[in-house]
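Asks: These protein sequence lines are chains A and B, in that order.
Counting from 1, one number per residue, gives the positions in the first sequence under this note's numbering.
Counting from 1, one number per residue, gives the positions in the second sequence under this note's numbering.
One thing to keep in mind: the hints can contain errors.
As a list, the in silico DSS-like pairs of lysine-lysine whose alpha-carbon atoms are at most 25 Å apart [stated by the list, open to error]:
1. B:K39 to A:K69
2. B:K123 to B:K81
3. B:K96 to A:K62
4. A:K50 to A:K39
5. A:K55 to B:K69
6. B:K27 to A:K12
7. B:K94 to A:K65
8. A:K31 to A:K2
9. B:K94 to A:K31
10. A:K62 to B:K27
11. A:K2 to A:K38
One-sided excerpt, in silico: chain B residues whose CB lies under 7 Å from chain A [as the list claims (entries may be wrong)]:
12. T14
13. N15
14. I36
15. E73
16. I83
17. R92
18. A97
In short, the hints are calculated from the structure, not lab data.
Beta carbons are placed, not taken as given, at the ideal position from N, Cα and C, and that holds for glycine.
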Amino acid sequence: MKTIGVPEDLHKELIKLKLESGNRNVSEIIKRLVYEHKKRQFLEFSDLFKNSLIKKKKSFDKILKQSRKTREEIADEWF
Amino acid sequence: MNGSKEIPRVVIDTNVIFMALYNPIGKAGRIFDLAIRNKINLFSTDTVKIEIARVLKRELRWEDDLIDKKINELPITWIEKEIYSDFLEKTRVKHKADKPLEALSLVLSCEILSADEHFTALKNMADIDKLLRDFC
């Protein structure tokens, strides 16, 4: 276990969140926040990717095919 | 015994990563959700990282900074060539370009998750349905 310091007002907020959410402890709240953060990052990447496909008029199959070609190219360069 | 359960490791291929980005609620996307929840550990090679970066740059015209940022946010541990290169000659997959992934799976003693038919003959191919059944 490690200890982290947080300001008094944030501590109050975390305790309030713990009570409201029914979580057993604050680390569960923080774990949930970390999950939500990472999930949001992943979904943002996904949205950017899909929007770029539309904008550049590329099909998903084309991306997979280009990816395969790129793999061969990297192998020729590296190995 | 401390009761802790070892988190399974899986080597993931580019096509599964792109599939997850294209459809984050599909099977591949759910694998990433498991990784974000620390229920499985995803690994891949530096070659896969570069492959994704080049595709995003060339096909979708993304800037280098954005590519680096987004790829590094993925819940994947990227392994460099120095770690798996000694295992390249022990690989069974025929295509040279696929050898790094199999070599990494040999280093880590784990399965490969790929939609590429080149890997289907291998014994250590992961079954995505089983992974989702076992860890969701």
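Asks: A separate judgement is required for each hint: does it hold in the structure or not?
Replies: Here is how each hint holds up against the structure:
1. At roughly 32 Å between alpha-carbon atoms, K39 of chain B and K69 of chain A are farther apart than 25 Å, so this suggested pair is violated.
2. Distance restraint check for K123 of chain B and K81 of chain B: the Cα-Cα separation of roughly 23 Å lies within the 25 Å cut-off, and the hinted pair is therefore satisfied.
3. For a cut-off of 25 Å, the pair hint linking K96 of chain B to K62 of chain A stands: about 22 Å separates their Cα positions.
4. Our distance criterion of 25 Å between C-alpha atoms is met by K50 of chain A and K39 of chain A, whose separation comes to about 16 Å.
5. Between the alpha carbons of K55 of chain A and K69 of chain B the distance comes to roughly 21 Å, so the proposed pair stays at or under 25 Å and holds.
6. About 39 Å separates the Cα atoms of K27 of chain B and K12 of chain A, which puts this hinted pair outside 25 Å; it is violated.
7. The suggested pairing of K94 of chain B with K65 of chain A holds, with an alpha-carbon distance near 19 Å, which does not exceed 25 Å.
8. With a C-alpha separation of about 14 Å, the suggested pairing of K31 of chain A with K2 of chain A holds against the 25 Å cut-off.
9. Distance check on the hinted pair: K94 of chain B and K31 of chain A sit about 43 Å apart at the alpha-carbon level, beyond 25 Å; violated.
10. For the proposed pair K62 of chain A and K27 of chain B, the alpha carbon gap of about 21 Å is at most 25 Å, so the pair holds.
11. Restraint check: the Cα-Cα separation between K2 of chain A and K38 of chain A comes to about 21 Å, which is no more than 25 Å; the hinted pair holds.
12. Because the beta carbon of T14 of chain B sits about 5 Å from the nearest beta carbon in chain A, less than 7 Å, this interface hint is met.
13. Interface hint status for N15 of chain B: upheld, as the beta-carbon distance to the closest one in chain A is roughly 6 Å, under 7 Å.
14. A least Cβ separation of about 5 Å between I36 of chain B and chain A falls short of the 7 Å threshold, and the interface hint therefore holds.
15. Look at E73 of chain B: its Cβ gets to within about 4 Å of chain A, closer than 7 Å, so that hint holds up.
16. Below 7 Å, beta-carbon pairs count as interface contacts, and I83 of chain B has none with chain A, the closest being about 14 Å; its hint is therefore violated.
17. The restraint placing R92 of chain B at the interface with chain A is violated, with a minimum CB-CB distance near 16 Å, outside the 7 Å limit.
18. A least Cβ separation of about 4 Å between A97 of chain B and chain A falls short of the 7 Å threshold, and the interface hint therefore holds.
Hint compliance for this structure: hints 1, 6, 9, 16, 17 are not met, and every other hint is.
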